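A.B. asks: Read top to bottom, the protein sequences are chains A and B.
The letter at position 273 of the first sequence is residue 273 when you use my numbering, and the numbering goes up by one with no holes.
The letter at position 11 of the second sequence is residue 1011 when you use my numbering, and the numbering goes up by one with no holes.
Because the hints were derived from the structure by calculation, they are not lab data.
Be careful, since some hints might not be right.
What the hints assert, rightly or not - In silico lysine-lysine, DSS-like type, Cα no more than 25 Å apart, as pairs:
(1) A:K327 x B:K1256
(2) B:K1514 x A:K218
(3) B:K1259 x B:K1300
What the hints assert, rightly or not - Covered stretches of chain B, as calculated for chain A (at least 3 residues, CB under 8 Å):
(4) 1057-1067
(5) 1401-1407
(6) 1598-1608
None of the values given here were measured: they were computed from a predicted structure.
Think of the CB as a built atom: it goes at the ideal place given N, C-alpha and C, for glycine as much as any other residue.
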Amino acid sequence: MTTKPKFAMYWAASCGGCEIAVLNTHEKILDVDANFDVVFWPVAMDAKYHDVEAMEDGSILLTLFNGGIRNDENEHIAKLLRQKSKILVAFGSCACEGCIPGLANLSPVGDIVHTAFNTITTDNPNEIYPRTSYDVPEGELHIPTLSRMVRPLEQVVDVDYFMPGCPPESHQIAAVIDLVIKVVKGEAELPPKGSVIGCGDSTVCDECPRARNVKFIKEFKRIQDVAPVDPTLCLLEQGIPCNGPATRSGCNARCPQAGAQCIGCYGPAEGVMDYGARLITAFSSVIDANTPEEIDHILDGIPDPTGQVYRFNLAGSLLKANREVWKVKG
Amino acid sequence: MTERVGVYVCHCGSNIAGTVDVVDVANWAAEKLGRQGVIIAREYKFMCSSLGQELIEKDIKELGLTRVVVAACSPHLHEKTFRTAAKNAGLNPYLVELASIREQVSWVHSDKAVATAKAKAVVSGAVSRVIENAALEEIKVPINPNTLVVGGGIAGIQSALEIANAGFHVYLVEREPSIGGHMAQFDKTFPTLDCSACILTPRMVEAGTHPNITLLTWSEVTNVAGYVGNFHVTIKKKARFINEELCTGCGICQEKCPKKVIDDVYEAGLGYRKAVYTPFAQAVPNFPVMDKENCTYFIKGTCKACEKFCPTGAIDFNQQDEMLHIDVGNIVLATGYDLFDARRVSNYGYGRLPNVFTSLEFERLSNAAGPTSGNIVLRDGKTTPKSVGIIHCVGSRDKNFNNYCSVICCMQGLKFAHLVHERTGATVYNFYIDMRTAYKAYDEFYQRVLEEGTLFVRGKVAEVTNAARNEREKGKLIIQVEDTLAGKQRRIPVDMVILSSGLQPRADAKEVGKMFGISCSMDGWFTEKHPKLDPVATMTEGIYIVGCAQGPKDIPSSVAQGAAASARVLDKILQKEVALEPIKASVNQALCSGCKICNGLCPFNAITFIEDDKVTSINPALCQGCGTCVAACPAGAISGTGFSNEQIIAQIDGLMMRNLEPIVA
């Protein structure tokens, strides 16, 4: 029996990228193994839910929970891990704010199922849809029930820390692992509960080396339609809708440094209540127009405003979902 | 809950109580908002009356209220009243919140049940918000006693003189070479038929020689920074090419200048001036200006006739534009109007049919000092018209041009009718939509013109044409009109047509408004703070608007406004210091990443970028608390006192009645 502190990692409604990012810390993962007893990590090792259920409450020191809450299975495990963990971290954009799966909150759940099971590519003449429970000779089978909207972890259970990013940058993960190990050894203290960790305090612009001026935007364009993109000038000033000004720092402005606009995966900056609303007011403040027609023309350059400003945080925004979704009972 | 909140619901006579069950709102607040800290809720007939205010003051003192919500009219009207009441009772005035249940509820609804429910929501929002309010202290700054008056027409002159006579310094800036404005171009003024120049020029001279007035003609304001009490203004003094120190205004240069130029401004294109000129004989100041575009020396490099003959050597071809920087405490804008361009109504033929005249052209024709010495003649310069048609509302009250009434054109048309009658004996027709002769002695003038035999046709003129249909119409201008009183179409042949053009905002009014930080109405006139109770102030403290810059008006109204603004300015100067609202934006520089999104937005130039730290900073003295930058900051690094996220979210929660019971997750 080992006396090492216990570590768990779980994926709910997510793509798996967060898991890859953890493994992408390379040899740092050996430090995890050296310092922790990995008790539950479905992507890396075999484990059963009933094994977790059997653990003592609070017996896991650290749980990295990635993925949003899309169905009752996600919700059950979230509550279970909350109960069993001392420190629960919402790990990555899905757990923090819903991320790409959260965009499903633009459609009522019935529409989503219909689209998945009854479209041109899914020939379903008999209108057969999955059932959440089914009797077979061996007993009753269950598959998870979709909830009416995707929820970030915090909307379901109490969360200790938030670690943003889609996925979190490996160097940030490594730094957090180092910190936790130091805490375990009594060499450091944990940040205050509720902190956003593994990131900076300001915005991507703070880490972006591009030159910035006062902005007057006459036209928004997709980056592929801008030729050539000035490699040294602020992308927003070039009419490319870059989300950097509203997005939390911590990634070293990876995308703008590589020549692409920031899409906002690190979520809202400290003190921002609604990321998309902030970005909309910021963009509309710098468009250079004198007539309503001009304004319309400029904004037409952003063909999918929701996708632009709420790509990562629709589920975590003030509205959380659109009106049709709210109308669904549940 | 530690706050003790008092809620006061006003009936506003029947203004609110007619549509909202105010007693129900008060009882509901006392009962349901107790959880929020409401310990007392009262309703009263007129909360803004001294008795109403005393009610609040008494409760603050006796019940130890720490927050007050007054559900009444818009904060625009009475926020100050109730804040002062709170202050008198020893409560910080910023712990008072107004819930607008008049403008936002009773005036916009008719269903009493719905309006009452909404009033409750608005009150609930205000209660939740006021709890988050912080006690704020006003900021006091000294007032610079100097004043800037922009525009030297009669309104600006009046304003400047009133302030100067009270003993304070005024900078009077005019972009033309002389002050006087449009009034200097008129011959007679309605309804008294005073000679315009006779009553105006003494005022012009007084302004020009007043020890307390610095007259800056041929000058334009190019930049305004600062705030009430402390404006920093940049003025471009355009080169006159005349040394004002040496010039005596003798006029020899004008006499000797060989270059004649059509005078489009003062003479409305009917007369000539020289390339070096004063716009008119009584110009103030009487230094000429050199028209660089037309001066032979500037074009060809030779001539200098003026320089040769100038007895004092005042001609200076090397003079440059000069930038002046002045500090003032208050600014009066008297920038006037542009005349509606009658060419735009192409069916009236101005510019195409020679004997169609604009009102300004007619003013010059009838002016004894004008190009025809006051003889009213056709475009050929000699023929006296035998019949004249005067068309009212040209460009006004017309959906194709301007919807508004230009106020002065009816009286102007009547004045023209009288002058034509008096000077030529011609038959005069006035074509009007409605005759508007309100104000003192105006309608009597209308009666007089009627008695003189002027013919009035009620109807909007469709067309002025020279296409004759019969012998009688040959060689004439035919006015096609529906006579709405006679109920038939008429064609009236005349020799001369005068278009009583309307007034419109200056072409650059929007830019000027932006420079001074004030707004324009949809039509383009400067917007006053309150259309009835504060007609010369603007939403920007320390900036006043007078005369036609605010909207069409006649001379007496312009003069009255000029004087009214001066009273406001003097009031400010004599207070010696001004209290600035503590509603300010500030930057949390730890959160600012220097994206510069806010940098170009501040209407008050309060935002600067600190290059060394790569962060933005806001000057609290310049900030007017408009909130533009707060909304724009994508990083949430800028916050505005009085409008914190906590306050706004609390208010929304309150509006949605989420504060009535604990939120269920």
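A.B. asks: Taking a Cβ-Cβ distance under 8 Å as contact, does the segment 1598-1608 of chain B have three or more residues in contact with chain A?
C.D. replies: holds (count 4)
A.B. asks: Quick one, are K1259 of chain B and K1300 of chain B close enough, alpha carbons at most 25 Å?
C.D. replies: At roughly 12 Å apart (the allowed maximum being 25 Å), K1300 of chain B and K1259 of chain B satisfy the hint.
A.B. asks: Within the segment 1057-1067 of chain B, is the number of residues with a Cβ closer than 8 Å to a Cβ of chain A three or more?
C.D. replies: That given contact is violated, which follows from only 0 residues of the segment 1057-1067 of chain B lying within Cβ reach (below 8 Å) of chain A.
A.B. asks: Sort out whether K218 of chain A lies within 25 Å of K1514 of chain B, counting only the CA atoms.
C.D. replies: holds, 20 Å
A.B. asks: Given the hint that K327 of chain A pairs with K1256 of chain B, does the C-alpha gap stay at or below 25 Å?
C.D. replies: Since the Cα atoms of K327 of chain A and K1256 of chain B sit roughly 87 Å apart, the hinted pair is violated (cutoff 25 Å).
A.B. asks: Given that the segment 1401-1407 of chain B was listed as covered by chain A, double-check it with a C-beta distance under 8 Å for 3 or more residues.
C.D. replies: Violated, because only 0 residues of the segment 1401-1407 of chain B bring their Cβ atoms closer than 8 Å to Cβ atoms of chain A.
Of the numbered hints stated above, those contradicted by the structure are hints 1, 4 and 5, listed in ascending order.
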